[in-house]
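Q: Sequence:
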Amino acid sequence: MDIADGAEDLSLEEILSLYSQPINEEQAWAVCYQCCRTLARKHRRRNSKTSGSSIGNLTRRIEGPGDVRILRDGTVKLHHQDSTDKYRPPNTSLEVIESLGIMIYKALDYSLKESEERELSPPLEQLIDMMTNMAEKERDRDPCPDEGYEATEEEEDEEDPNTVCNVKGFRDIITLCTSHLPSPSDAPNHYQAVCRALYAETRELRTFLEKIRSAKENLRRMEGDTREEPGRDLNELQNADWAKFWMQVMGDLRNGVKLKKVQERQYSPLPIEFQLTPYEMLMDDIRFKRYKLRNVMLNGDIPPRLKKSAHEVILDFIRSRPPLNP
1 MDIADGAEDL
11 SLEEILSLYS
21 QPINEEQAWA
31 VCYQCCRTLA
41 RKHRRRNSKT
51 SGSSIGNLTR
61 RIEGPGDVRI
71 LRDGTVKLHH
81 QDSTDKYRPP
91 NTSLEVIESL
101 GIMIYKALDY
111 SLKESEEREL
121 SPPLEQLIDM
131 MTNMAEKERD
141 RDPCPDEGYE
151 ATEEEEDEED
161 PNTVCNVKGF
171 RDIITLCTSH
181 LPSPSDAPNH
191 YQAVCRALYA
201 ETRELRTFLE
211 KIRSAKENLR
221 RMEGDTREEP
231 GRDLNELQNA
241 DWAKFWMQVM
251 GDLRNGVKLK
261 KVQERQYSPL
271 PIEFQLTPYE
281 MLMDDIRFKR
291 YKLRNVMLNG
301 DIPPRLKKSA
311 HEVILDFIRS
321 RPPLNP
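Going by UniProt numbering, the first residue of the sequence shown is number 1, and it counts up by one from there.
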């Protein structure tokens, strides 16, 4: 799926398609939190207006990752792909939460084979299980509901969100996502930073893949499509392969891979890996001498055809990005 140059937002569907891999658990927590914040604001606006609310303020089920759009600053907006001017009755909060849980589960399961089953951490598995079963449990618990009543977010705040039976709205899911962090007060900034990093890294990956594609085309023209060796090399790696290596390099940078033991980073209230772009993470390590860069030569000579590992190619690309501001 093509991602437009300069796009101010990316859909989660575009991100999944580019990586050809599922999101990780921290990204799942962040998407859930940010979506519920957006839904809670929309819910409040709808309740504060008369029955003549615009169609855009009505809460609707999330049909898939294409409905979730991540902005450059890490905020999230919901844009239903099948939006029309035709009026549709709004869904209840429980129905929307259920659809969000299903969407997140599918994003965590994206591209996995039927024989593969992803193991989730108990807290995330419990959250998704609760979200995807809330509407059904609510129907079973209350066979004669008041059709004209739906709890407001203010009323939901008064409930204890620590048990499944008392979770009734978006604010309760937000509270559960907040309690996932060691410091709950960091939740707004942390989860926005996670989504911002997801956006930035996806844009960087797309730029990287474009450079790889261009380099392949130039190499084919120079070599006239002749190959000295039939074996698979860097030129034969597909986008999915590069995306996989890209994620490995990002993971190494986040986990603080060091070639020399040095003084630890100064304490930061939020995980530094989500405060910086890939380039900034690498340059931060270089500036504080957490990496020692050296020239590498193969067999004592620089070969006519550069034979670098995929990881080295990616690191070279990250180093080539715009410099840090002083």
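Since the hints were derived computationally from the structure, they do not count as laboratory data. It cannot be assumed that every hint is accurate.
What the hints assert, rightly or not - For each label pair, taking beta carbons as the anchor points, the in silico distance ranges come out as:
hint : residue 1 : residue 2 : range
1    : E95       : M222      : 53 to 61 Å
2    : R72       : R319      : 19 to 27 Å
3    : E312      : N218      : 41 to 49 Å
4    : K211      : E119      : 33 to 41 Å
5    : S214      : E312      : 13 to 21 Å
6    : H80       : S320      : 34 to 42 Å
7    : S214      : R41       : 19 to 27 Å
8    : E312      : R41       : 40 to 48 Å
9    : S320      : T75       : 25 to 33 Å
10   : E8        : S214      : 37 to 45 Å
11   : E210      : D9        : 33 to 41 Å
12   : T207      : P122      : 35 to 43 Å
13   : K211      : K77       : 38 to 46 Å
14   : E8        : D129      : 29 to 37 Å
Where is the CB? At the ideal position from N, CA and C, for every residue including glycine.
Q: For every hint, state whether the structure bears it out.
A: Going through the hints against the structure:
In this structure the supplied range 53 to 61 Å holds for E95 paired with M222, their Cβ-Cβ distance being about 58 Å. The hinted window of 19 to 27 Å between R72 and R319 holds, with their beta carbons roughly 23 Å apart. Here the CB-CB span from E312 to N218 is close to 19 Å, at odds with the stated 41 to 49 Å. In this structure the supplied range 33 to 41 Å holds for K211 paired with E119, their Cβ-Cβ distance being about 35 Å.
Take S214 and E312: their Cβ atoms lie about 18 Å apart, and the range 13 to 21 Å holds. The hint said 34 to 42 Å for the Cβ distance between H80 and S320, and at roughly 39 Å that hint holds. Checked against the given bound of 19 to 27 Å, the beta carbons of S214 and R41, roughly 42 Å apart, lie outside it. With their beta carbons about 45 Å apart, E312 and R41 fall inside the hinted range of 40 to 48 Å.
For S320 and T75, the Cβ-Cβ distance of about 29 Å falls inside the hinted range of 25 to 33 Å, so the restraint holds. At about 25 Å, the beta-carbon gap between E8 and S214 misses the expected band of 37 to 45 Å. At about 19 Å, the beta-carbon gap between E210 and D9 misses the expected band of 33 to 41 Å. For T207 and P122, the Cβ-Cβ distance of about 37 Å falls inside the hinted range of 35 to 43 Å, so the restraint holds.
A hinted range of 38 to 46 Å is violated for the C-beta pair K211 and K77, which are about 30 Å apart. Restraint check, E8 to D129: a C-beta distance of roughly 34 Å satisfies the suggested window 29 to 37 Å.
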